Structure formats: structure tokens, C-alpha cells
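Colleague: Each protein sequence line maps, in turn, to chains A and B.
Quick note: the first sequence uses the working numbering, first residue 12, plus one each step.
Quick note: the second sequence uses the working numbering, first residue 16, plus one each step.
Source of the hints: derived by calculation from the structure; they are not laboratory data.
Keep in mind that this is a model prediction, so the values were computed, not measured.
There may be inaccurate statements among the hints.
Just the calculated beta-carbon pair ranges, DEER-fashion [as the list claims (entries may be wrong)]:
1) A:Thr-119 x B:Leu-673: 51 to 59 Å
2) A:Leu-370 x B:Leu-673: 26 to 34 Å
3) B:Ile-958 x A:Asn-363: 33 to 41 Å
On the chain B side, residues computed to face chain A include the following (Cβ under 7 Å) [what the hints assert, rightly or not]:
4) Thr-691
5) Lys-696
6) Gly-722
7) Val-802
8) Thr-851
9) Pro-913
10) Phe-1039
Sample of chain A residues lacking proximity to chain B, with all beta carbon distances greater than 10 Å (derived) [said to hold, decoys possible]:
11) Ala-155
12) Pro-221
13) Asn-267
14) Gly-270
15) Asn-331
Note that CB positions come from ideal geometry on N, CA and C, so glycine has one too.
One letter stands for each residue in the lines below.
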Amino acid sequence: MKQYKNIQIAKFLTCVACVVIAVGMAGCKKAIDVGAPTTSINTANVYSSDGTAEAAVSGLFTTLAAPSHMYNGQASVSLQQGLAADEFTYYAAPSPAPATLFYTNTLTTQNNNNYYWPEIYSEIFSCNSIIQGLNSAVASSLTATIKSQLLGEVKFTRAFIYFNAVNLYGDVPLVLGTDPAINSILSRSPAATVLQQVVQDLTDAQSALPDNSYISLAGITSTSRILPNKQAASALLARVYLYSKDWKNAEAQASNVIGSSSYVLEPVLTNVFLKTSRETIWEIQSISTSLGNADANSLLMIAAPTTVANDFALSNSLLNAFESGDNRFISWVGKLQSGTTTYYYAAKYKQNIVASAQLITEYPIMFRLAEQYLIRAEARAQQNNLSNAQSDLNVIRTRAGLGNTTAATQTDLLNAIYRERRIELFTEFGHRWFDLKRTGQLDTVMSVAAPLKGGTWSSYKALIPLPLTEIQADSHLTQNPGY
Amino acid sequence: MAGVLTHRLCRKILLIMKLTTLVLITLIMHVSASSLAQKVTLVEKDAPLEDVFDEISNQTGYDFLFTGSNLKFAKPVTINVTHEELNDVLKKIFAGQPLDFLIQNKSVVIKDRITPVLEDKTRPAFATVAIIGKVTDEHGNPLPGVTIKQKNTSLAFSTNAKGEFTALVATQSAILQFSFIGYITQEIPVTQLKSPAVIVLKEDISKLDEVQIIAYGITTKRANTGDVTTVDSNTIQKYPTNNVLDVLQGTVPGMAVYKNTGNVTSTYKVQIRGMNGLPGDGGSPLYVVDGVPFIGGSVESLNNTSGAKSANGVGNQAYDALSLINPDDIESISVLKDADATAIYGSRGADGVILITTKKGKVGTATIDASVYTGVTHVAKEVPLLNLQQYLQMRKEAHANDNTPINSITDVDINGVWDTTRSTDWQKQLIGGYGHNTKAQVGISGGTDLVQYRVSGSYNYVTSLEAITGNDQTANFNISLTSTTSNHKFTASFTGGYFYDLNTMSQTDYTYTARTLPPDAPALYTSTGALNFQNNTFANPLLAQNYINSSPRTNLTSNLVLSYRPISDLEIKLSAGYNKQNLNEFLGSPSTITPPYSLSAPISTFTYDNSYAWSIEPQIDYNKQIGKGKLLVTVGASLQDETSSSEALSASGYSTDLLLSSITAGTAINMVFPYTVSPNKFAATFGRINYNWANKYYIDLTGRDDGSSNFGQNRQYHLFAAAGAGWIFSEEDLIKNNLSFLSFGKLRGSYGTTGRDDIAPYSYLSTYNTVSSQVGSVPYGGVSGLVPSRLPNPDLSWETTTKAELGLELQFLKGRIAFETNFYRNRTTGLLTGATLPVITGFNSINENLPATIQNEGFDATLTTANIRNKDFSWSTTIIFTHDQNKLLKFPGLATSPYANTYVIGQPINIVKAYKFDGVNPQTGNYQVIAANGSVTSLPNSITDKTQLVNTNPVFYGSVQNNITYKQFSLSFLFRYVKQTGLNEYGNLVTPSGYSATNTLPIVLNRWQKPGDVTNIERYGTNFFLILYQADLTQSNFAYSNASYIRLQNLSLSYALPTLVSQKFGMHNLQVFIQGDNLLTITGYKGLDPETQSIFSLPPLRIITAGLRLTI
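Sequences and hints are given; from them, build the entire structure.
Modeller: Set out below in C-alpha cells:
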């Protein structure tokens, strides 16, 4: 009934239509530009400022620190390889859970493969991505010292991960880039090649990392030992050379650490595993608000074990290996009396669940001084430097309240050092398992231990199997023999 | 420039809306002023004629009908009369005016005075002849809303609610066209019409010339070269549902719709022409509501009863987006299937397109249509379970078999703590109840030639049949306005709606509990009516009533179409729309959800899910008659933005249950899933050329150059195109003259490509994310971390589906028998997926285009017969049949790819791999299977030993529908049928019999009992390994068998009161009806339901409602 000014509107509409079509056709590229993602950061931008580059490295360590990963808690190397060796008597219902498979030495190519491997390579990818980023053109805007330190930390981490991978799996694919087209068809590199890369990374790290001091990600000198420094790189190198039977270098690297002013053996045994321990060379910060070292949550026994409770008691063979009067048996072993039975459990870390992060007093320790003494003792003994070897060993024994070693021949001394390692480093990072392997005692020990745990032993089990899904996904990968 | 443009556009839109609203309000007031007075008192001086009309109308209730141009030359009126007859007053007013009037039917029709003046070119020669009349159907019922058009002009009129009309035409030589949906259009020269005229329209049973909505336009069944099935509101209103997908289940050939659960918010699996992509990678059709893309599919939620998450049934936590559209507001649904119909949607047409058109206003006085119904829902079937005796025997035998003592504390069902003489039918107790379902809706529509409006609203209330608290309520409001300038050149139409759904049903599905609770479990209530915990030994399932759920969802839809026709052959259109959906879910788990003997800390979760889509689509249509040929060209562009974001947080540490709904009242807030935002933008130009020669030969070319933000710089654009052709061979003289029984025959074919870009945004880009640790965990070294988030793939590109189709449409005996069949073959390549990678690459997958090809091949057929047609009785039948075969055609390098054990060339892409079942070991009583190497084992390798292939896709499906009317009664019922293989009752045995306090199916009675027994059911036992062995059965070929069914899906019986009776109530039409859904299932399937095949969730419910529908 009312008249519209339709002509004007029509003209206007035509204009709109034409403009929109024109814009639509010409500006199509722009039209579908959704901008940069807002819940993530373009990789190139990560390495254009100190803050984000530091965040990337922090992200890497956060992954390492996650509970139930390799270094902390239920699925940690310390628990699983401890189970695989002869450190525990494990009370758990039969199940296909990894812990049981490790304990009974019944890993197969097919059963549960959700341990280690995916984590190793996800972290390796992060390392490679960060190294690539820090070396890219955009990284020129980073502060040189920060960039250098970050590079050192990541190379150290990559070396640490690859070293563990080689010890667990033998030959592993050596991934050094991020291109899936290349990486998805890699085959396994000989362990020796991987170890060469490990040594290379650690040598680089030594020169890039702060010497004898700890500098936080933000570049501030710190007392916290949650980031690796030059001594951490030396400590790992000492371990790498020891495993490679390069005694001379092992001794040299261990000496680097022992000679450094930052580290002393904590005289009080109960202080050794505190996060403030001066013995610690590198520890991983807990990112949990309730657990320091999540291993403790599994290891500390709060009630008598039942078949369904998944309890870790120390094995009889380990308990029997303690000499009488060893203060470590008092300070680091827990006892639980149930009726007439006494259960002994690992109590190096004593803190279970706490109410808040501020109350956490312990962090998982990756490297500590005591190991360096034992490395040097062994390296010296192997080089027939018996008296110095004895004195290194005695440092550890003295702290434990034991008398000096009586071993006088090279063989006896080496055996004494092996036994000392078993006691000093029990339930820590699978040292027992790796020591048995590298010293050639694995078959002898395990053929006794495995039946006690309800399994059987074959020497192929020295290496764990690759996940079947990996072999299916990359036809160039081969399974470890025997599986 | 763009800003200014938008601003101007907004202002213009506002202006148009204001005007439209004004006109609408005037109109409603005008119409409602219906006094019967015919005496008029007027005192006016130099008043505009229009004002005078308004005044008279106010006094008399008479409408004045005129066109704007009528009054252009009117003179001001000066008059002074008191209480005079209307006719006399009008005579005075019109004296000296260049106009004349005619009183008809309570209307005053204004027309130009016929004067032999010089022809005025500026003024269209309108309204020289007035014709009044009435339009009815063959039974004499008036037809409201019939369009009466003067041929070859844009002049149009319409019948009112009584079927009456007044048409004003320019010349005696004019021809009037009477057209109405579902009826054969009649053309009558004005000279042959007496005034008043009675026009009888014949029902068009051929449906050939009904308008069909297609992509960016309309066509007719006759002219369509594509494959489109249309479902109209008459069908929709037969279903007592709040999700229109229920209607499409069975009514569309080539389209499979399955409900995932019987819960009211259930999601659906929707497949048009089979599964085009990989299982789990999307695959839902594109939904378009009134031209605006609607974010269909599922909305992620944490409510675990609400239905499956993805279109293909993965997960169990989602709402269906389409339940946010009120089916009563839908005028029609077009399902586009072949390349010709879908290629113009380019990147998003691969899985078919569903166009939903909402109801619009119709010309005529205000018509109110309203309906209300109420009814009940319940579970149609109870599964037989072990009775008390059998159950106790099973539990005791299990303990005896494995020599385990009955635990005096934990085995309460058999250790004497519970009364073992008491038996309860838990299915009846927990899921045997009735839910209620009530719905009311009202729509008001009307308008004139120039303005039409429709306003509607509805309210729906649903309760659960389960013993839980809460309900689901929905309310919606819709408005549609269309206005046209008097010269019919410019049209603006606006549709808007708001939908609100509040679900407060607690997050519990008792289906599994009802099946597994031991028959001797204690009573739910004590004698005092409190929940019974049987001396703290019974975790009463009704505790779940204490869960709190408040899940409001909203949906805003709006759409504006501006159209301008500078010349009659050319239309310039701009369509813009906005759709926003929102979920704001609060789930509370108070301390009272556990029995009093155990403690639980109160915790609550908050899920926010928001999505919006806007689109702007300018379009130009040009059509031109060239001799016998007709050319129709459409070009347009499309800009779209679809963005969704979601996050879920949980809060704990509440001091009291009463504060659970406040997230800040918790002392610790943790992330359940992180904040994600997925922006998607699309830009496209599209076009269509349609040429029709002599209504016999049709050719249709479509194309779309489509761009998506989901792909990297160099792969963002892709051209999709299709060609279709049709040949109406029944128009050929040879056939016309010799095969007269063949009233219509069309052969059509199409070929083309469509695509899919269904992949997460930024997949091409290398990015770092914040460490996905829980909120509140400690940053490493005080620096919050970043980690690489994905492997980038800069080569990511479109998944393309090439569709080929051949269709044949035949009608015999003037449409009494109609037959249509379509043969099709769709091939999809470059499958977008998270392709499996070895994790040595850092990730276990990368988004990429798999080089495989999937083929869907099949045919559908529809036969519609009008069996009986006479004045009082009519009966028609529609039979639909669909067969689809899905097959992995090619997969280069499959054997060495990570998919070697998943896909099989030549088999459906979703093939199920199963063990070869070997019964029960006669010595040990444990299940065993035949491994890949031929050996018999109880612990097979779940990847390599699954040697059997099970195809769970339907072999064929379809429906048989009958519509019967007898006098005032009308009955319609639809049987749906599916032939398929599915998970059977053996596959439902998920726990070992007797292992725990869990009831089970009577098939276990046939278990192994002693060495030497040969049977298919494992021994009862309590050994842990039995749990591992159970997979030997449930993942074997023995767990799959025939799950075919025939279901009486829908029945609708209505009775329309005779017109005379309805009119006594002041109504034009009054109907009472009974409707039922899922009434009867004929199947050999032994489980709960052959459609969902689930033991964990409610089966599709039986719904019976009764109600009435009226038109005023």
C-alpha cells in the first residue's frame, strides 16, 4: 500500500551485487584468509623471540616430566626395568598391563606396546624441531647467549633420549630432522652410529651450557638443578663412555664432575633424594601439583600387598645383597609389618601425594654424584688403576657407614663395584638392568630370577620388542630377533 | 570501502525491515477491524484518498483493494456526511475521481475509470475488468492460497481462506492462470469467466509440475535434470518428532538414516548414497536452510546419554544440531544426490545436500494454523534374561569351576547377604516406564499481493521413560516477511528464528544396568520410601537421579534475500544469512551420587560449544525464451564463514552440593578438553547454464570454483563441475502417437565432480601448542611450555567425488502409475584423513589425502501407484528400494601401508574384521578361534588373526508407504525395511558368564559344563583370563548375523470434521489425529534393537500421540 523508493533501492542493490561479486572474484584469496591460528603459534614465530623459544624448551622438559611417562611414575624406566630385572617382587593380578609383562619377561611383538617408543620419538621430534628452529633464519633475533644455552639443553636432551633408546631397543632409527616423508621410511641405524651422534650432541652441549652453575630458561642464575648444565653433559658422557667400555674417557668425564665445586655427596642419606640435594647433577622438575617423584606413589607400600593391589616389594636377592651395617638399608628401605610377614620396599623417595605443589620436596633425579664416583671407580679398575678405584669406591661405602673395600684383585674389585652399584643405585632408572646387560651378567642372573617371577628367560629378551604397529607403519623397520 | 558499504547496507536493511513491519502491522490491524457496520460518518477536507479509505475501513470493516498506481492520479477528498450508506458515501467520494469502485464480498475494489483518454505510457494499464469467484478442489472443498496470475504479466492475486478471490485485469483479452501446489494449473481466458466464477482445480497426481527447490533456484520435477527427492510439509506433519531426520528415515530413496539411541537428543547417522569417505572422517551431508548453510551433524558435549558424537557413530557424547529446527516450520526438504544437483555446492556436495525451506507467508487474510498433540514413548521390546534360578546357578557354577570361594563380603548376590528368593524384572523397573511427549505449535500467516508474512511458535515437552529426573523442553519462534514493490520489481524477504532447548534429564541411561543387574538385587526403595542400600551392600542405581544436568542450547537463524528484476528476464539477488548455535552445558555430580557408605567429592563440568556461520551470496539469474528454446543462466558468488569453538572445564573442591552450578565456587578448576577454535572460510564463484528446447531436451551445466581456508596457499581453490541432460522422450511424436498409455517418460543422466574439505583448519601449517597439561599443573622452570602440535602438510588438498548417474522416469495413465529409477556410481579419491604414520616421525598421523579410491555403486527405485481414486475413496502406494554397494576400489601400496590390516581391496571401506570362531575347546571349556596360520588358539593376535570379513552395510533398504483417504478420514502408514548383517546376541555377551554379579542372556545356558561337551558358549568361571577369551566370541564372525528388519515406522490416522461442522466452531478446518512411530518390528534379531544393535543405550522408542490440528 505504501510505495517504496524502489528505484533507489534497486540501484543500490545492483551496486551491492556487483561490488560483492567483484570483491568475491578478485579478493578470493583474502576472502578465505582466516588469519593465524589463535590457540597455537606458527612454528616460525616460536623462534623469533626469546620468550617463545624458551617456552618451546620448557615444553620439551614438561613432556619429559609428565607423570606416567618414562622418567616419572607408573610407566617409568626405573619401575619397568626394575621389574624386568631382579629388583622387585611384584604383587599384581595377572593382566596384560605393561608392568606385569615386564615383570614376567613376557613382552611379545604383539602385546601391549604403549611404553617408551612413542614417547621417545615424540620427544626426539620436539628436540629436532627446536634445534631446527633455533638454527633457522628467524632465530637470528634471539639473544645469543640464550640461544646457545637453549641449543645446549636440547642437544643434551636428545643425547639422553637416544642413549636410553639404544640401551632399551638396540639399533634404533636415527631421526635428526622433522620431515615425515623422510622419517616415515627410515630403517634402524646401528647402535654405534646412534652413540656417535649422542657423543657429538653431548660435546656440543658441553661447550654451550653454563659451567658449574645453573641458569634458568629465562637466563637467571639459579640454585635449581632442573636444567642440565655442562656437568650434566659430562655426567651423561661418563655414563655413555662407561657403557661403551671407553674407560679412559669415562674416567675423564666423571673426574670433570667430581672435581667440580657444585657437587658434594650428601652426608645424611635421607637428604640425598630431596630436590635441594647438593649431590644432584640433573633432576626433572615435577609438573604435578600432588606428586614429586611419581615413582614413590607406586613404590611406597601403605598396606600389606594383596594379589590385586599392584604392590612393589624389594626382591629377596636385592635384600640379601645388602651388607650388614649398611645405613642405606635403614635410610632407603621401608619396612611394613603385616602379621608375621615383613615387606621391604624402596623408600629412597619418601613423599607420596601432597595437597599442593608448594609442599613437594622431591623431584626425580636423573644424575647424581654417587654414580660418577662409581663410574670412575669402575673405569679406573678396568684400567688397572686399582688403588684409585678403591678410594672412589670407598667414598660411597664410607657414606653408607661401611668399611673400606677388601677387594684387591681387578676381578674382585670390579665385582665389588658392581655390587656397590646394585645397592647404591637400586630402583633408580633401571641401573640394575642396564648394568647386568653391559657387564654380560644378564643371562646368568635372569635365568635364576625369571622363574622366581613366574616367567622364563631367553637371552633375546635383553632387548625389548618394537611396537608391532611401527613395523606395520614403516616397512623398513625390523623387529628385534627372537620376537 | 567495505565498512561503508556494510554500514549503508545495514541502514537499508533496517529501513526495509521497518517498512515491512509497518506494513505488516497496518495489515493485521486492517484485517482485524471487522465490524459489520455499513453506515458511514465522515468529515474530511482535502484529505488524501488513501486516508479516507482507512477511515471508512475502520468504521465498516470493509477492505479496500487497490494498487499503488491506482491512486497516483487521485484527487484530495472533501466530504461531510453523517450516518449514510457506504455505497452512497463512496459514490460521493468517487465523483470526479479518475477512478471507479465495485463492492464485492466485503471488499471495495478500486479500479481505473474506463475513459478513452490518450494512453499514458508512464502508467500501466491496470484494472479494467474485475472478476470474482471461488476455487475448489474436485470434492468441492475450497482451496485457499491459490495463485491467480494474469498470463505474461506480473499481476497476481490469491484466494482467501474460503477459496474466494477478486481479480482485476487490464483487458478482456487477458488469460488467467490458476495454480496451486499439487494441482494442475488451469488457464482460462477472461472472456470465458462469468463473475462470480467457480473454478475447479484437478489434483495433479503426476506431481510433474510441482515446484522443486534446487541449489540456488527452483525447477519442476519435469524439467529437473538432476536427482532430487522432495519431502513436503504434509509428510512432515505426520511424524510426532522434534527432529526432521526422523521423517527422512525411509522416505528418501538412496538415503539411509539411522538413529544412534532412543534418547531424545540422539544423533543420527545420515548417508546419502553410501559412505564416501573413510569411516570416522565426517561424511554428513551439507545442510542448507533457506539458502544459508546450517552447521548440521553433532555438537560435542559431555553428556554421555545424548547420542553418538560423529556421523558414523563413534563416541557417545553429542547432540544433534538438526533438532534445533522445528519440523512444523519446514515447508519442504529437498535431498540433492547426483552430480548435476550437487556440483554447484562444490567442495561440500560430495555427501549430498539437504535443502530445508521454511514456511513463508501466503497471500490472503490472516490464517491461523495450530496443532497440539500429546502422547507417550516407551521401549518396544524387553529382552529375555536369565531368571533367578538360572542366575544363581550360573554364579555358583562359576565359583565351583574355578575353585574360588564365594567372598563373604563382596559376592553379595550369592553369599546370603541379599535375599536370593526375591526376583525383580529390572528392565521393567528401570526402562519399562512411559515417557511423555507434548507439543503445541501455532502459525499465523497472510498477506497481500505485495506483502506476506508468517509468524510461528512452538513448545515441546518431553520426559524420559527412565527413572531419572528432568525433562527436555524446547520453544521456538520464527518469522518470515516478504514484501514487494507495486511494480513487482523489487522484493525483500526476511526469515528469522530463535530456538531454545533446555535439557535437564540427568545423564543416565539405564539400559545396560537393566540388563545386567542381578535378579536378586534388593528393592529400590525401603518400606519408608527412601532409597534402599540394603545395609550398605547395594549401590542403588537410582542414585544416578542425583546427577544434575542443565544443558541449554540455542539456535538463531536469519536470512535476508533482496531481489531486483530490472527487466522480467533478469533477476539480481543478494542472499545473506547468519546462523548461531550455542551449547552451555552444566553437569553436576554431587556428593549424593554414591551410596552413603562410600564418599564422593562433588564435582561439576562445564561445556561451552559455540558455532556460527554467515554467508553472503550475490546471484544473477537470466532467462530468455529463444524460439522454442529456453535459456536459464545463473551466476553467483558465495562468501561463507563457519567458526566453531569449544572448551570444557571441570571444577572440584566444593564445600557444598548447592553451589555446584557455579564454576567459581569450586576451589580447583581443571580442563576436560582444551579451548579450541576452528575457523573455516569459503569463497566461491558458481554458475549454471540450463537450456531447454521445446520442453523435450534439457541440458544443464554447473560449475563452482571453490576456495577453502582449510588448505595451504597453493591448494586452496578447486573447480568442481558437472553436466546433466534430460530427454523427455514421451514428447516425441512417435511415442506420443503410439504409446498413449505412457503419459510421461524422461531419461536423464549426469556426470561431474564434487568435493569435501572436511579436515581440521590449519592442518597445512606447522604450529606449536601450549602443553596440553591440565590447568593448574606447574610450569617447568616457571615458563609455560609450547610443544609441536602436528606434522604440517602443505600439500593438503580436496577430496573429490566423481558422480555418474543415469535416471529413468516413467508415468503411465496420466500419472496414476509413476516409476523412477536411478543408477549411480560415485568414486571418491584423495581421501582426507589423519593418515597413520610410524611414531618415529614424531606423530602417529598426518592429515593427508590418501591415494585410495572408494566406490559407491547402486540403484534406487520408486514406484508410486494411485490404486483407487474416486470421490470418496482414494488409495495410493509408494514403494522405495535402495541398493548400495560400497567398495574400496584402489589403494596403491595398501599391503605395505599402515592400513594393511584395516582395509581390503574390493570390500567395503568399513569392513569389519573378525576372528574365525571355533566354538569352545571341548577339554578346557574356553573360547577358541582359528588363527591366521590355521592353528587353534584362545589368545589370538587382535590385528593379524582377524581373518574373517563381515560387511555390516545394508544389502538393501527402503520402504512401503500407503496413503488412504475415505471421506473425512485419512490414513497413512509406512513400513521401512532393511536387509543387513549386524552384531547379534552373541556379540552382546561382553562379560564372561558368572564372572561377576552380572545378569546375562539365556543363550549362555547352553554353556560348556564338562570335558567333551561341544558347544558355542564358554564355561561359567571366575578366572581372569576368561575376560580375555571373551573377545574370541564378541570379535568373531559368530557375533554377527542377520539383523534385517521390517518396521512399521510411522502411522498417521486423521479425521477432518466436515467443513460445515468446523465452520460452526469458527474454523476452516479441524482435524483430530493419532500418530505413531516405530510401532511394530518384524525381525529375527534377538537383541534389543536391530537398528542400534547396542546393549548400552536405549533403542529407538515407540511413540504414540493424539492431537488436533486446526485452521482458522
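Colleague: Against this structure, judge whether each hint is valid.
Modeller: Results of checking the hints against the structure:
no., hint, verdict
1, A:Thr-119 x B:Leu-673: 51 to 59 Å, "53 Å, holds"
2, A:Leu-370 x B:Leu-673: 26 to 34 Å, "30 Å, holds"
3, B:Ile-958 x A:Asn-363: 33 to 41 Å, "39 Å, holds"
4, Thr-691, "6 Å, holds"
5, Lys-696, "4 Å, holds"
6, Gly-722, "5 Å, holds"
7, Val-802, "4 Å, holds"
8, Thr-851, "6 Å, holds"
9, Pro-913, "4 Å, holds"
10, Phe-1039, "6 Å, holds"
11, Ala-155, "19 Å, holds"
12, Pro-221, "14 Å, holds"
13, Asn-267, "24 Å, holds"
14, Gly-270, "27 Å, holds"
15, Asn-331, "32 Å, holds"
Of the hints listed earlier, there is not a single one the structure fails to meet.
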